[in-house]
Amino acid sequence: MSLLLEARFLNKRFSNVDALDNVSLTVNRREILAIVGESGSGKSTLLATLAGLSPADSGHVLYRDAEGLHDIAAMDEMRLRRLQRTRWGYIHQNARSALRLDVTAGGNIGERLMMNGARDYGEIRETAARWLDEVEIGRERIDDLPMHFSGGMLQRLQIAATLVTNPELIFMDEPTTGLDVSVQARILDLIRTLVHRLHVAAIIVTHDLGVARLLADRTVVMQGGAIVEQGLTDQVLDDPHHPYTQLLVSSVLPS
Amino acid sequence: MIAYNFAYLDEQTKRGIRRALLKAVAIPGWQVPFASREMPLPYGWGTGGIQVTAAIIGQDDRLKVIDQGADDTTNAVAIASFFRRMTGVETTTRTAEATIIQTRHRIPEQALTEDQVIVYQVPQPEPLWKLIPERPVARRAHALSDYGMMYVKLYEDITRFGRVSSAYDHPVMVNGRVLMSPSPIPAFDNPKMDAMPALQLFGAGRERRLYAVPPYTPVRSLDFTDHPFHPGRADGTCAFCGSTSSYLDEIIIDDHGTRRFLCSDTDYCAGRIEEAERRAEEGGQ
Amino acid sequence: MTSHQNGWAIDASGLHKRFVLHLQGGLALDVLRGASLRVRPGECVALVGPSGAGKSSLMRALYGNYRVDSGAVRIHHDGAMVDIATASPGEILDVRQRSLGYVSQFLRAIPRLSALDVVAGSAVARGMNLEKARRHAAAMLERLRISSALHALPPVTFSGGEQQRVNLARSFICDWPTLLLDEPTASLDPVSRDCV
Numbered sequence: 001m002s003l004l005l006e007a008r009f010l011n012k013r014f015s016n017v018d019a020l021d022n023v024s025l026t027v028n029r030r031e032i033l034a035i036v037g038e039s040g041s042g043k044s045t046l047l048a049t050l051a052g053l054s055p056a057d058s059g060h061v062l063y064r065d066a067e068g069l070h071d072i073a074a075m076d077e078m079r080l081r082r083l084q085r086t087r088w089g090y091i092h093q094n095a096r097s098a099l100r101l102d103v104t105a106g107g108n109i110g111e112r113l114m115m116n117g118a119r120d121y122g123e124i125r126e127t128a129a130r131w132l133d134e135v136e137i138g139r140e141r142i143d144d145l146p147m148h149f150s151g152g153m154l155q156r157l158q159i160a161a162t163l164v165t166n167p168e169l170i171f172m173d174e175p176t177t178g179l180d181v182s183v184q185a186r187i188l189d190l191i192r193t194l195v196h197r198l199h200v201a202a203i204i205v206t207h208d209l210g211v212a213r214l215l216a217d218r219t220v221v222m223q224g225g226a227i228v229e230q231g232l233t234d235q236v237l238d239d240p241h242h243p244y245t246q247l248l249v250s251s252v253l254p255s
Numbered sequence: 001m002i003a004y005n006f007a008y009l010d011e012q013t014k015r016g017i018r019r020a021l022l023k024a025v026a027i028p029g030w031q032v033p034f035a036s037r038e039m040p041l042p043y044g045w046g047t048g049g050i051q052v053t054a055a056i057i058g059q060d061d062r063l064k065v066i067d068q069g070a071d072d073t074t075n076a077v078a079i080a081s082f083f084r085r086m087t088g089v090e091t092t093t094r095t096a097e098a099t100i101i102q103t104r105h106r107i108p109e110q111a112l113t114e115d116q117v118i119v120y121q122v123p124q125p126e127p128l129w130k131l132i133p134e135r136p137v138a139r140r141a142h143a144l145s146d147y148g149m150m151y152v153k154l155y156e157d158i159t160r161f162g163r164v165s166s167a168y169d170h171p172v173m174v175n176g177r178v179l180m181s182p183s184p185i186p187a188f189d190n191p192k193m194d195a196m197p198a199l200q201l202f203g204a205g206r207e208r209r210l211y212a213v214p215p216y217t218p219v220r221s222l223d224f225t226d227h228p229f230h231p232g233r234a235d236g237t238c239a240f241c242g243s244t245s246s247y248l249d250e251i252i253i254d255d256h257g258t259r260r261f262l263c264s265d266t267d268y269c270a271g272r273i274e275e276a277e278r279r280a281e282e283g284g285q
Numbered sequence: 001m002t003s004h005q006n007g008w009a010i011d012a013s014g015l016h017k018r019f020v021l022h023l024q025g026g027l028a029l030d031v032l033r034g035a036s037l038r039v040r041p042g043e044c045v046a047l048v049g050p051s052g053a054g055k056s057s058l059m060r061a062l063y064g065n066y067r068v069d070s071g072a073v074r075i076h077h078d079g080a081m082v083d084i085a086t087a088s089p090g091e092i093l094d095v096r097q098r099s100l101g102y103v104s105q106f107l108r109a110i111p112r113l114s115a116l117d118v119v120a121g122s123a124v125a126r127g128m129n130l131e132k133a134r135r136h137a138a139a140m141l142e143r144l145r146i147s148s149a150l151h152a153l154p155p156v157t158f159s160g161g162e163q164q165r166v167n168l169a170r171s172f173i174c175d176w177p178t179l180l181l182d183e184p185t186a187s188l189d190p191v192s193r194d195c196v
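Residue numbers (the UniProt record's numbering), protein chains in the order written: chain R, 1 to 255; chain G, 1 to 285; chain Y, 1 to 196.
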């Protein structure tokens, strides 16, 4: 397994709260990593820091490409943005705020392509149509405005709009939270299928251990801004060592 | 009578504007802030253009002012007379004779030369303003050359209307780097900006921004490879001079809705008529 | 290590595993105390004992699901022995991907996936193309007496016994050098049990 992203000793304070407390972790190519913990544990802060959206007070986030390791804090903004829009992707919990609701579904999917220099309308449109089929919205909706889409469809549109550039790493912040349970399963299945088929690595923040269980190869558990336990997902969930992990696992309602 | 400085503005102000203009020329298409002054006419009537003209005009210049292509409209006449009074320089309606052409919403039909400067009056300098309401965010997009959303708008235009060009103010990419508003000129005029021998200066008084396109700079209208930019023109013939290639205004001439087309560029139209008359005379002799 | 012929498929020794239940005031449970197990390739070994004897715990320790406190779990993988107890997560995943299968008592799958795709998915994950995997999956489900009428339905709607057989089919569809089966017939009727 080859390293794709590495965090070293990340620290961040909000007033007098440790949002990140000496956090180190690695993500390998094609690997799905779950970050679990309850709200306020620092997992969303960690995700935003790893994705280069919010800098840490100290520590480093290193990204590896063909040329070697790069500290994202040292990258110029243009390069970081290009990285975020081509080889990385970010899937927000709230698709409504991440998408342009007054732009057609095709335009939303095409945006990342056009940002990256696609200038052939027909090709952009065909790619968008293919992705609409892929995420089970259907190409016939290509000229519809997403403001009329259901929550699940919006999330699927966001996934299509993100994966359209074939990223190698996607960051997902509670991608199924707030959706109906029946819709959640469908989205999880979609994410799992696409992530495996496209060989993309993913970091998923979730408070739902079931999501981690279904999707993640490895899981890290956060409490109070610190990683208290990590390992293979089944190890962490079936054989939790840390008191907090045991509490989380024992708090899950049996299905 | 109060004695005004040459070209109305004081020397310090003109110097400030010239410094901003130099910066604008150095980064083609880039919007440079400047300390826009109160002028003796309201915003929206060309205060930006007037300040630019005032900063660059000299004793030996000859000024032409047009509004929508015409030399004889209120705005054009008022600005021309303002400069005559404030500088004593000659004004002209002949495109070829002018050294400075201040314009609102048109580029003359006759090709401009290296010896000329064209000054555009700009109401809204920010090409992204409809897409990004927050100015700092838009400036950042320019800094990072991050124009994907502009193409999204074009994509939507094609999807909804089947074509790429807006009728006017169609955004252009200057020198392959900066997205620029050409000011509300018709799309028909966009190609004239590309590699123009004359220096092009743009002034937005209310928005306090200047920008520039140096001579011979590549200026491309945004489009898609399979939906190329198409400069629009009314399919008609000028009722006065018979031109079939110039930009035309459509005029309703009676209560029955009878339409006629006339050249928007009055000097061009008059020139063609004179030329035709001269030929007719020569032919007659 | 010795060569494959006279080597072991599983060579586990001195396994200790203690659960510390922090929520029960630090209650400690010793579930494995010096357990050792060796299995040759081709051999079928049954673990027998009363409930609570540690059979499942040992199986899970062999699979790397439970992290042992001491001892070594060496699994034959790629012509060498890999110690699951000290291997990195990536190595463990690789061993699980190619050398070590595991069937638990319970089926865990994404809720809306059809039984056919749940089974086919495990072959696809190991490199088979989807069409072929689906054909194999259908055959395997038939063999385990899951009628084709059920193949398109998600297994969550199935009975416990059916779910368990889907779970088995999922493992049987691949050729595992080493396969761990934890109570594979626990909730099966006698006919199904014999079939398995």
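If you are wondering where the hints come from, they were derived from the structure by calculation, not from laboratory data. From the three backbone atoms N, C-alpha and C, an ideal C-beta is built for every residue, glycine too. Do not rely on the hints blindly, as some may be mistaken.
[Claimed, not checked] Chain R is faced by these chain Y residues, among others (derived, beta-carbon under 7 Å):
1) R18
2) R38
3) V82
4) A85
5) T86
6) P89
7) L93
8) F106
9) L107
10) S114
[To be verified] If you want the footprint, here are the derived chain R segments under chain G, 3+ residues with CB under 8 Å:
11) 96-107
12) 223-237
Against the structure, the hints:
no.	hint	verdict
1	R18	10 Å, violated
2	R38	23 Å, violated
3	V82	14 Å, violated
4	A85	12 Å, violated
5	T86	13 Å, violated
6	P89	5 Å, holds
7	L93	6 Å, holds
8	F106	10 Å, violated
9	L107	11 Å, violated
10	S114	11 Å, violated
11	96-107	holds (count 5)
12	223-237	violated (count 0)
Checked against the numbered hints above, the structure violates hints 1, 2, 3, 4, 5, 8, 9, 10, 12; every other hint is satisfied.
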